[in-house]
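Asker: Sequences are here, hints too, so could you generate the full structure?
The listed protein sequences derive, respectively, from chains A and B.
The first sequence begins at 1 in my numbering and counts up one residue at a time.
The second sequence begins at 1 in my numbering and counts up one residue at a time.
If you are wondering where the hints come from, they were derived from the structure by calculation, not from laboratory data.
Mixed in with the good hints there might be a few duds.
Said to hold, decoys possible - Chain A stretches covered by chain B per the calculated footprint, using a threshold of three residues with CB under 8 angstroms from any CB of chain B: (1) 96 to 108; (2) 133 to 145; (3) 214 to 225; (4) 231 to 241.
What the hints assert, rightly or not - Some chain A residues well away from chain B (every beta-carbon gap over 12 angstroms; in silico): (5) 46; (6) 79; (7) 126; (8) 128; (9) 208; (10) 265; (11) 321; (12) 324.
Glycine is no exception: its CB is placed at the ideal position from the N, C-alpha and C atoms.
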Amino acid sequence: MEMVLQQPLYKRLAAGDWLYALLIIVAAGYSFSLYGSAMDYYEQLILVGSSIGLVALGWFWPSWRWFFPLAGGVSLLAIQLYDHNLARAAESFGLKYLLSSQSSFMWMCTLFFLATVLYWAGTLSRAGLLMRMGSGLTWAAAVFALAGLFTRWYESYLIAPDVGRIPVSNLYEVFILFCLITALMYLYYEAKFAVRQVGAFVLLVISAAVGFILWYTFDRQAHEIQPLIPALQSWWMKIHVPANFVGYGAFAMSAMIGVAQLLIRRGILASRLPSAEVLDEVMYKAIAVGFLFFTIATILGAMWAADAWGGYWSWDPKETWALIVWLNYAAWLHMRLVKGWRGEPLAWWAVVGLLVTSFAFIGVNMFLSGLHSYGAL
Amino acid sequence: MRFAIGLLTILAIASIIGTVLKQNEPYPNYAFEFGQFWFVAFEKLGLYDVYHSSWFLLILAFLVLSTTLCIIRNGPAFLRDMKGFRERATDNSLRAMRHSQQLALTLDEERATRLLQGHGLRVKRAARDDGSVLLAAKKGSANKLGYFFAHIAMVVICIGGLMDGNLPLKLGELTGSIKPETRDLPQAQIPEQSRLGTGNLSFRGSVTVPEGKSADVIFLNSGNGYLVQELPFIVTLKKFHVDYYSNGMPKLFASDLVITDKGSGKTSEHTIKVNHPLVVDGVAIYQASFGDGGSPLQLKAWNLQTPQAAPTEIKGNSLGAQPLKVNGRDYKLEFGELRVFNVENTGTPGSDDKSLAQRLNDARSVRQDTKALKNIGPSISFKLRDQHGQAREYQHYMAPMQQDGEWYQVAGVRSDVAQPFQYLRIPLDKDMSIASFMRLYAALKNPALYDEIRARTTAKAMQGQAISPAMQQQFSDSVRWVLSRFAQGGFGALEQFLDDKVPADKRQAIAQTYIKILQGAVVDVMDVAQARAGLPAWPQDAKHYRFLLDSLVSVSALQDYAAPVYLEMSGFDQVQASGLQMTRSPGKNVVYLGSLLLVIGIILMFYVREVRVWLLLQRDGTRLAMTSNRHNRDLDQDFERMVGYLNKQAGEA
Ligand code: HEM
Chain A
1 MEMVLQQPLY
11 KRLAAGDWLY
21 ALLIIVAAGY
31 SFSLYGSAMD
41 YYEQLILVGS
51 SIGLVALGWF
61 WPSWRWFFPL
71 AGGVSLLAIQ
81 LYDHNLARAA
91 ESFGLKYLLS
101 SQSSFMWMCT
111 LFFLATVLYW
121 AGTLSRAGLL
131 MRMGSGLTWA
141 AAVFALAGLF
151 TRWYESYLIA
161 PDVGRIPVSN
171 LYEVFILFCL
181 ITALMYLYYE
191 AKFAVRQVGA
201 FVLLVISAAV
211 GFILWYTFDR
221 QAHEIQPLIP
231 ALQSWWMKIH
241 VPANFVGYGA
251 FAMSAMIGVA
261 QLLIRRGILA
271 SRLPSAEVLD
281 EVMYKAIAVG
291 FLFFTIATIL
301 GAMWAADAWG
311 GYWSWDPKET
321 WALIVWLNYA
331 AWLHMRLVKG
341 WRGEPLAWWA
351 VVGLLVTSFA
361 FIGVNMFLSG
371 LHSYGAL
Chain B
1 MRFAIGLLTI
11 LAIASIIGTV
21 LKQNEPYPNY
31 AFEFGQFWFV
41 AFEKLGLYDV
51 YHSSWFLLIL
61 AFLVLSTTLC
71 IIRNGPAFLR
81 DMKGFRERAT
91 DNSLRAMRHS
101 QQLALTLDEE
111 RATRLLQGHG
121 LRVKRAARDD
131 GSVLLAAKKG
141 SANKLGYFFA
151 HIAMVVICIG
161 GLMDGNLPLK
171 LGELTGSIKP
181 ETRDLPQAQI
191 PEQSRLGTGN
201 LSFRGSVTVP
211 EGKSADVIFL
221 NSGNGYLVQE
231 LPFIVTLKKF
241 HVDYYSNGMP
251 KLFASDLVIT
261 DKGSGKTSEH
271 TIKVNHPLVV
281 DGVAIYQASF
291 GDGGSPLQLK
301 AWNLQTPQAA
311 PTEIKGNSLG
321 AQPLKVNGRD
331 YKLEFGELRV
341 FNVENTGTPG
351 SDDKSLAQRL
361 NDARSVRQDT
371 KALKNIGPSI
381 SFKLRDQHGQ
391 AREYQHYMAP
401 MQQDGEWYQV
411 AGVRSDVAQP
421 FQYLRIPLDK
431 DMSIASFMRL
441 YAALKNPALY
451 DEIRARTTAK
461 AMQGQAISPA
471 MQQQFSDSVR
481 WVLSRFAQGG
491 FGALEQFLDD
501 KVPADKRQAI
511 AQTYIKILQG
521 AVVDVMDVAQ
531 ARAGLPAWPQ
541 DAKHYRFLLD
551 SLVSVSALQD
561 YAAPVYLEMS
571 GFDQVQASGL
581 QMTRSPGKNV
591 VYLGSLLLVI
601 GIILMFYVRE
611 VRVWLLLQRD
621 GTRLAMTSNR
631 HNRDLDQDFE
641 RMVGYLNKQA
651 GEA
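Answerer: Given below as structure tokens:
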């Protein structure tokens with residue numbers, strides 16, 4: 001949101017901004033020179049679109065400028081180590097213990113757990129250093145998550161060219177995406193509003209997701225890369241799923257901020273956490289972002305459904321629950337904007353919202369059957 | 001507003017019901033699940049098709065109305081506010097604003113205007129009677145537009161949805177001009193009142209077309225029945241394709257279609273795939289499903305009363321029915337689906353007993369080799385119905401299957417569709433044929449051979465000194481008795497005898513004896529069978545002995561097979577069918593337009609901040625006042641900065 005006294009964007013951009021943009025454009029151009037011939041019209045459009053998106057994100061959020069190139073670099077290193085041979089995953093030390101997608105994800109899980117512990121220790125003992133270390137580990141976990149997703153994308157092509165696909169198409173992969181997006185959104189707000197103590201709460205949801213990932217890996221071998229069934233072979237998927245998870249991530253974060261706020265209002269940990277008013281505002285901002293992306297994701301889903309199932313809306317359980325989630329937050333926003341509600345009731349509502357959202361996210365896959373077949377448990 | 005929230009809540013609850021209760025199932029399923037009373041009650045409430053029930057549509061209509069009214073009511077004021085600069089603000093009202101301060105600085109009007117405009121504010125000037133000048137400035141008025149966009153979007157989306165809803169059909173059903181058909185009739189006999197002309201603007205239905213066949217109508221679900229929708233063209237399926245990944249998962253479903261326009265007779269060819277529909281005359285054609293289209297089959301019928309006889313050849317068609325006469329009795333053979341691929345998950349090998357190290361190792365690998373998906377080849381299912389109408393269902397696999405290093409032919413049987421199949425594994429000989437088994441089976445079933453068999457078995461037992469000469473006769477009788485009892489009722493019959501006639505403490509020992517006898521005698525049964533057929537003796541090695549033991553299991557299992565014939569599938573010419581879904585949805589683009597408005601509206605509402613600034617330029621000072629639509633924390637900062645900025649500018653001047 002622009003401040004009134006700010007210069008227009010183009011005047012504010014400094015050399016660093018342009019350098020970053022150049023880096024992205026060069027990288028996109030290089031990818032195009034390598035693979036342009038294999039891309040169809042849509043894929044070229046996606047390349048252009050994602051380059052613009054990456055530049056915009058970097059300009060909007062300075063941390064992104066080192067985060068994205070770092071994660072990209074790590075995955076490029078992994079690709080180098082693979083050297084077109086999947087078997088190297090077990091032979092190369094670097095891949096086996098650090099950079100193969102599964103090792104990256106395991107590191108991600110470990111780092112998120114550690115970050116949770118550090119955030120809590122820091123919050124309870126008021127030790128700023130511990131909390132800063134918590135942030136650092138969260139960043140590191142996010143690097144492993146994004147690099148791991150990129151590497152997994154490459155690995156899928158090594159398994160067989162026709163198996164190759166973007167890793168956002170089953171429950172295992174979207175859980176990693178969920179951890180990544182929630183962590184990144186939190187890190188953004190942490191820096192913007194100086195609310196580092198809230199990390200202890202937000203990291204709890206991420207840890208819960210990490211727990212699920214571990215169970216899903218060790219008990220169900222869900223991490224194996226399976227090829228895409230015909231219904232999922234669509235470029236809509238590539239944008240529908242990530243947009244959805246920005247929504248889920250934001251809603252999850254707002255719920256945890258709601259929990260923190262409720263505790264503060266009851267005098268619990270109040271001296272160790274930011275003021276309830278600040279949290280109220282962060283919670284609102286998170287829900288506003290989540291609502292925007294969730295709306296876009298639902299619309300993209302409808303457009304995909306129009307291609308795949310023969311109708312933009314089929315009242316399939318997943319669709320219907322997306323609508324319920326959407327209505328829920330629309331009502332939340334009305335209460336805040338129209339009725340002027342603040343504080344406790346909205347905090348409770350945000351917490352309940354997470355239950356509704358979780359059901360739409362996992363519950364539907366577990367309990368209801370429908371056309372959405374990407375991830376039965 | 002409160003009313004609207006109430007409606008939204010009811011809408012949400014209704015939607016939840018629709019996801020928990022499976023929608024649009026055949027009615028008997030519901031009646032079975034809920035019992036008659038609740039079945040009728042739920043039907044009256046329209047719970048089997050919540051999203052098309054009258055009350056659900058009514059709520060939607062109310063929401064549209066309420067949102068429209070809201071726009072009409074708030075709209076004019078919003079628009080006025082958006083256009084206006086509030087340059088008539090009085091001193092009092094300026095002073096009363098939360099962000100307002102009297103600054104001890106003077107700015108000339110032109111300079112002040114430039115300063116404001118330099119920050120993207122639009123400025124309106126108002127000279128006042130006391131000689132002071134009020135500069136009223138603002139930016140971000142589009143925020144208010146967001147309200148219009150988002151709410152008009154809701155109305156537009158609902159209208160689009162209604163255009164594609166089944167409202168006209170519902171009205172037709174109410175007035176009686178349309179009546180869904182509930183019977184399973186050939187297409188040509190479906191009465192006129194269940195047919196919809198090509199003029200119907202909006203529909204969604206499906207049809208199954210076998211390869212080489214055509215369709216010019218589709219079927220729409222409607223409550224308990226269906227309606228027939230005429231199409232403006234004829235669809236012919238030339239060929240259906242399925243491709244699989246190397247691990248057996250489906251990779252591609254595609255149909256080669258020929259479209260013939262009914263009016264002009266022009267034809268065109270297209271291929272549709274999942275996610276790649278085809279649009280003809282405003283009708284979108286989707287690849288929705290696939291199946292068997294009625295494939296010619298070749299079968300060998302082994303008469304189980306005379307299994308030594310060569311099988312007779314039968315021809316049939318999957319999904320078809322034909323009479324079958326066996327041993328003078330009439331049966332009806334009803335074929336089900338021919339499935340060319342049967343991909344089975346043969347499980348995660350040893351997943352339960354893995355060590356931690358093994359699991360850690362697995363977790364590092366992304367290869368897809370622990371889920372053993374495997375294609376086990378074509379299968380045909382069929383029912384054999386006797387004169388009394390009783391039927392059993394069978395499922396026969398064509399390809400030999402290997403288990404523990406040996407090859408078998410596998411057939412499933414069940415007497416009740418709710419039960420799982422019981423599988424029969426018939427061992428195959430070196431020609432991969434079931435003929436050797438049938439020969440053995442025939443010999444076992446033929447009491448005339450028992451004397452020869454028991455003589456051989458007894459002689460061998462004597463030779464091996466397994467029995468004493470005194471027991472010779474008794475042993476020989478036992479062999480005969482065990483053979484005949486087993487041939488009549490399998491292991492079950494022997495068990496039955498033990499349970500009925502032998503004291504519990506002796507059963508175990510006697511059962512062992514019977515099994516031993518059977519295992520010894522079966523070698524002689526096979527030898528006699530081979531000799532009778534003029535074939536070389538059955539080799540005496542572990543492999544061939546295992547064949548015989550497997551055969552005993554199969555003979556026993558044939559008891560439950562309970563058919564007069566064993567139908568072995570020997571060939572087929574696959575004819576596939578493609579399930580096509582077709583929709584005409586004129587509301588689609590309306591919905592998309594509404595969606596676009598919605599996204600723009602949300603962005604404007606949340607991410608455009610409306611800020612107003614007033615500078616009252618007096619002779620001896622300046623009053624600064626600011627407001628914003630929300631986010632007061634941001635405004636605090638803005639206000640501070642503005643004060644600092646103005647002070648600095650005034651200082652420089
Ligand atoms: C997309 C997100 C939405 C946002 C951000 C939003 C925001 C708003 C705002 C700001 C107002 C109050 C205007 C004022 O200040 O008087 C309002 C009123 C209203 N909204 Fe929404 N709205 C949204 C979606 C919806 C939806 C989905 C519905 C229902 C289908 C709806 C129905 C209404 C109604 C009925 C009112 C009350 C009008 C009145 O009586 O004053 N809105 N909304």
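Asker: Each hint needs a verdict: does it hold in this structure or not?
Answerer: The hints, checked one at a time:
Counting residues of the region 96 to 108 of chain A whose C-beta lies closer than 8 angstroms to any C-beta of chain B gives 6; at least three are required, and the coverage claim holds. For the region 133 to 145 of chain A, the proposed coverage by chain B is not satisfied: 0 residues have a C-beta within less than 8 angstroms of a C-beta in that chain, short of the threshold of three. With a threshold of 8 angstroms between beta carbons, the proposed coverage of the region 214 to 225 of chain A by chain B holds, since 6 of its residues qualify and at least three are required. Closer than 8 angstroms: that is the beta-carbon criterion, and the region 231 to 241 of chain A has 3 residues meeting it against chain B, so the requirement of 3 holds.
Annotated as non-interface, residue 46(A) keeps its C-beta farther than 12 angstroms from every C-beta of chain B; the closest such distance is 16 angstroms. No beta-carbon of chain B comes within 12 angstroms of the beta-carbon of residue 79(A); the shortest separation is about 14 angstroms. Listed as outside the interface, residue 126(A) is consistent with that label: its C-beta sits roughly 24 angstroms from the nearest C-beta of chain B, beyond the 12 angstroms cut-off. No beta-carbon of chain B is positioned within 12 angstroms of the beta-carbon of residue 128(A); the least distance is around 23 angstroms.
For residue 208(A), the non-interface assignment is confirmed: its Cβ lies about 19 angstroms from the closest Cβ of chain B, beyond the 12 angstroms cut-off. With a least CB separation of 19 angstroms from chain B, residue 265(A) remains clear of the 12 angstroms interface cut-off, as annotated. Some Cβ of chain B comes within 12 angstroms of the Cβ of residue 321(A); the nearest lies about 6 angstroms off, and the non-interface call is violated. For residue 324(A), the condition that its CB be more than 12 angstroms from all CB atoms of chain B is violated, with the nearest at approximately 5 angstroms.
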